[in-house]
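Q: Single-letter residue listing:
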Amino acid sequence: MYNWNWSVFLSQTPSGDATYLDWLFLGLKWTAALSLSSWVVALILGSIFGVLRTVPNKWLSGIATAYVEVFRNIPLLVQLFIWYFVLPELLPSAIGDAFKQMNPLLQQFIAAMICLGLFTSARIAEQVRSGIEALARGQKNAGLALGLSLPQTYRFVLLPMAYRIILPPLTSEFLNIFKNSAVASTIGLIELSRQAQQLVDYTAQPYEAFIAVTLLYFILNITIMFSMRWLEQRTRVPGFIGEAK
Amino acid sequence: MDYEFDWTSIPGALPILWSGLKVTFEITVTAIVVGVVWGTLLAIARLSGNRLLSTLSAAYVNLFRSIPLVMVILWFYLIVPQLLKSLLNIEATTDIRLASALTAFALFEAAYYSEIIRAGIQSVSKGQIGASLALGLTYSQAMRLIVLPQAFRNMIPLLLTQAIILFQDTSLVYVIGLADFFGASYKVGDRDGRLVELLLFAGLIYFLICYGASLLVRQLQKKVRVS
Chain A
1 MYNWNWSVFL
11 SQTPSGDATY
21 LDWLFLGLKW
31 TAALSLSSWV
41 VALILGSIFG
51 VLRTVPNKWL
61 SGIATAYVEV
71 FRNIPLLVQL
81 FIWYFVLPEL
91 LPSAIGDAFK
101 QMNPLLQQFI
111 AAMICLGLFT
121 SARIAEQVRS
131 GIEALARGQK
141 NAGLALGLSL
151 PQTYRFVLLP
161 MAYRIILPPL
171 TSEFLNIFKN
181 SAVASTIGLI
191 ELSRQAQQLV
201 DYTAQPYEAF
211 IAVTLLYFIL
221 NITIMFSMRW
231 LEQRTRVPGF
241 IGEAK
Chain B
1 MDYEFDWTSI
11 PGALPILWSG
21 LKVTFEITVT
31 AIVVGVVWGT
41 LLAIARLSGN
51 RLLSTLSAAY
61 VNLFRSIPLV
71 MVILWFYLIV
81 PQLLKSLLNI
91 EATTDIRLAS
101 ALTAFALFEA
111 AYYSEIIRAG
121 IQSVSKGQIG
131 ASLALGLTYS
141 QAMRLIVLPQ
151 AFRNMIPLLL
161 TQAIILFQDT
171 SLVYVIGLAD
181 FFGASYKVGD
191 RDGRLVELLL
201 FAGLIYFLIC
211 YGASLLVRQL
221 QKKVRVS
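Residue numbers (the numbering used here), protein chains in the order written: chain A, 1 to 245; chain B, 1 to 227.
I should point out that these hints are in silico values taken from the structure, not numbers from a laboratory.
Check before you lean on any hint, since a few could be wrong.
[Unchecked claim] Computed cross-link-like contacts, DSSO-like style, restricted to lysine-lysine with a CA-CA straight-line distance of at most 30 Å:
1) Lys100(A) with Lys29(A)
2) Lys100(A) with Lys187(B)
3) Lys223(B) with Lys126(B)
4) Lys140(A) with Lys29(A)
5) Lys126(B) with Lys140(A)
6) Lys58(A) with Lys222(B)
7) Lys22(B) with Lys85(B)
8) Lys187(B) with Lys22(B)
9) Lys223(B) with Lys58(A)
10) Lys126(B) with Lys222(B)
One chain only, chain A, in its complex shape (with noise of 0.2 Å):
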């Protein structure tokens, strides 16, 4: 029979100054840390792309859609891995040496965090782009015959009707992003998913760790959810974008 031992957690690890709790609080840490600055970049990205792709020019479009078609069509694994272990090799060597230099665990955030940010990047591109295509085209002339130039169309007429369209699609990509996270195990980032491996090479309490690692996930998961919800009621357009159930 299996020994079940809930208190492995508070045990301490081979390095002794830490218990295997504070080795999952890390891993929760990095995991955090991965997930929301990589939204941060591919918001930012998502956001231009996304508007690139709505614009008259051709050039401008066609750009935007093989940016979008690359990154969706190419599995996050192989991406991370081309970014982790071919990019340094392809790079001028002064960028290349220097970025394999750097201490390993931020050479994995940086791979993985732009490899994430990116791969996110295409799919809210995707999303803004039909949120704007969502808009009865008048606005987009209306905006451009009181005399706004295009951009300022975008900015003050097109883009904040636009988000407050996607914020649920936008909701399910973050819950997403953290999600996805999990892949930077495979490079060794010592996020939540890697110390859950790590406990179980360590303690041989499998079944404790795996638990605990799901429940965290889980609860970040309910809890992300729950504050999303809040912000779609919150920026709700009274009339225009249906009520929340």
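Given chain A, work out where chain B should sit, using these hints.
A: Just chain B now, kept in the frame of chain A:
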């Protein structure tokens, strides 16, 4: 850029890569088939009047949807087999990587498929169930003969898009050391010291397959919309 490319290790490795690709497809197809069937059952349970069934189904779907796939794969590789072994006395030496990957993906995808299918069923107007019942069909006949055929037609594009995502996600079996297409590419690259070339090659092949498939889905979407 000082890197000198050397693509020569790829032609010789094609048989290994091909057998990896077959594993990738095996996992994808199994997960689609099992996932759609199990997902349909979950969706029907969720929408059924039975409160116990619908709560259980909702719990299943929400649980799987809130944990990272990497964790699910590890669960079914590290934890579940141990549990089964101690319960059923299976030999400890069998290689369970493929079996556990197939199970993990099938059960995980079912949660995602069930949400798509639930939306599909809800897209068929409620009056149709009422009409079927009035015509003397039972609830399960109405579901099977009237609602599901229409629901599935509506959601084919979404189901296929999910299948493309699934195809990409199968690369995550790397975490349990299974040689799917990505795993095989990585192993060859590592063996020959040509990781750069092999990873770029793997990325290209994934891109061609997924982009091609997504173009087909888009065509199909247009066709479905017209009819």
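Q: Against each hint, give a clear statement of whether it holds in the structure.
A: Verification of the hints:
The hinted pair formed by lysine 100(A) and lysine 29(A) meets the criterion: a straight-line CA distance of about 24 Å does not exceed 30 Å. A hinted pair counts as satisfied when its Cα atoms are at most 30 Å apart, and lysine 100(A) with lysine 187(B) qualifies at roughly 22 Å. Restraint check: the Cα-Cα separation between lysine 223(B) and lysine 126(B) comes to about 25 Å, which is no more than 30 Å; the hinted pair holds. Taking the CA atoms of lysine 140(A) and lysine 29(A), the gap is about 43 Å. The hint is violated against a cut of 30 Å.
Of the supplied pair hints, the one linking lysine 126(B) and lysine 140(A) is violated, its CA atoms being roughly 38 Å apart against a limit of 30 Å. For a cut-off of 30 Å, the pair hint linking lysine 58(A) to lysine 222(B) stands: about 23 Å separates their Cα positions. Taking the CA atoms of lysine 22(B) and lysine 85(B), the gap is about 28 Å. The hint holds against a cut of 30 Å. The hinted pair formed by lysine 187(B) and lysine 22(B) meets the criterion: a straight-line CA distance of about 16 Å does not exceed 30 Å.
Distance restraint check for lysine 223(B) and lysine 58(A): the Cα-Cα separation of roughly 26 Å lies within the 30 Å cut-off, and the hinted pair is therefore satisfied. Our distance criterion of 30 Å between C-alpha atoms is met by lysine 126(B) and lysine 222(B), whose separation comes to about 26 Å.
In the structure shown, a violation is registered for the earlier hints numbered 4 and 5, in ascending order.
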